[in-house]
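Protein sequence lines, in the order shown, are assigned to chains A and Z. For the first sequence, the working numbering assigns the number 1 to the initial residue and increments by one for each residue that follows. For the second sequence, the working numbering assigns the number 1001 to the initial residue and increments by one for each residue that follows.
A hint or two may mislead.
Claimed, not checked - Computed cross-link-like contacts, DMTMM-like style, restricted to lysine to aspartate or glutamate with a CA-CA straight-line distance of at most 20 Å:
hint	chain 1	residue 1	chain 2	residue 2
1	Z	1049	A	85
2	Z	1049	A	44
3	A	11	A	85
4	A	57	Z	1097
5	A	17	A	106
It is worth saying that the hints were derived from the structure and are not from the lab. Computed from a prediction, not measured in an experiment: that's the story for all the values here.
Letter by letter, the chains look like this.
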Amino acid sequence: GAGVSQSPSNKVTEKGKDVELRCDPISGHTALYWYRQSLGQGLEFLIYFQGNSAPDKSGLPSDRFSAERTGGSVSTLTIQRTQQEDSAVYLCASSLRSRLAGGFHEQYFGPGTRLTVT
Amino acid sequence: AQSVTQLDSQVPVFEEAPVELRCNYSSSVSVYLFWYVQYPNQGLQLLLKYLSGSTLVESINGFEAEFNKSQTSFHLRKPSVHISDTAEYFCAVSPREAAGNKLTFGGGTRVLVKP
Chain A
1 GAGVSQSPSN KVTEKGKDVE LRCDPISGHT ALYWYRQSLG QGLEFLIYFQ
51 GNSAPDKSGL PSDRFSAERT GGSVSTLTIQ RTQQEDSAVY LCASSLRSRL
101 AGGFHEQYFG PGTRLTVT
Chain Z
1001 AQSVTQLDSQ VPVFEEAPVE LRCNYSSSVS VYLFWYVQYP NQGLQLLLKY
1051 LSGSTLVESI NGFEAEFNKS QTSFHLRKPS VHISDTAEYF CAVSPREAAG
1101 NKLTFGGGTR VLVKP
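Sequences and hints are given; from them, build the entire structure.
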């Protein structure tokens, strides 16, 4: 079946502009995660959604970053007033659900969106 | 909070030679452990995981990792590498009892297999 898809694959933007990154999870997956992969910080967690629960935003680096998930499926990560340090590959992952007592569900990663802020 | 340290950022190795990638973690709670692989121009893929039971876990392509609780390590090994193993490898942990499966990654180790 189809995997996690992300769009665009590449995005070049000018400093100060807003950008939106899109993630389509695997159908039926209720948990969705955003991570960032950058040269300076490595791979880091940003935010995760599980069903209708309040999202865990503990990894968002600043209030310029926000994300939403509509209808329990597609998610959009928005970065306002982009800065050069926001340049990174933004990865989305989904899993069947985030946690089932004592259980584990593998996260499946998308190909990422490479964001370059000039 | 958790942290993961991968001691080698790059590991060059000749084809058919063994390789070991080192991973140490720090956590105040019990964790699951993972190795992910990122092949050139591809996304992250789960290579193997330790959830419970035997401390030695294996992947389908010949990699193995051993969980050592006393040393808080989860080193990855392969006795004989192929050119196709050229990739970046990430060690990661996830708290067992937390509400989410969010992963904390190490800095990654680039493996370059030379003919």
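(message) Of the numbered hints stated earlier in the document, which are not met by this structure?
(response) Hints 1 and 5 are the ones this structure does not satisfy, whereas the remaining hints hold.
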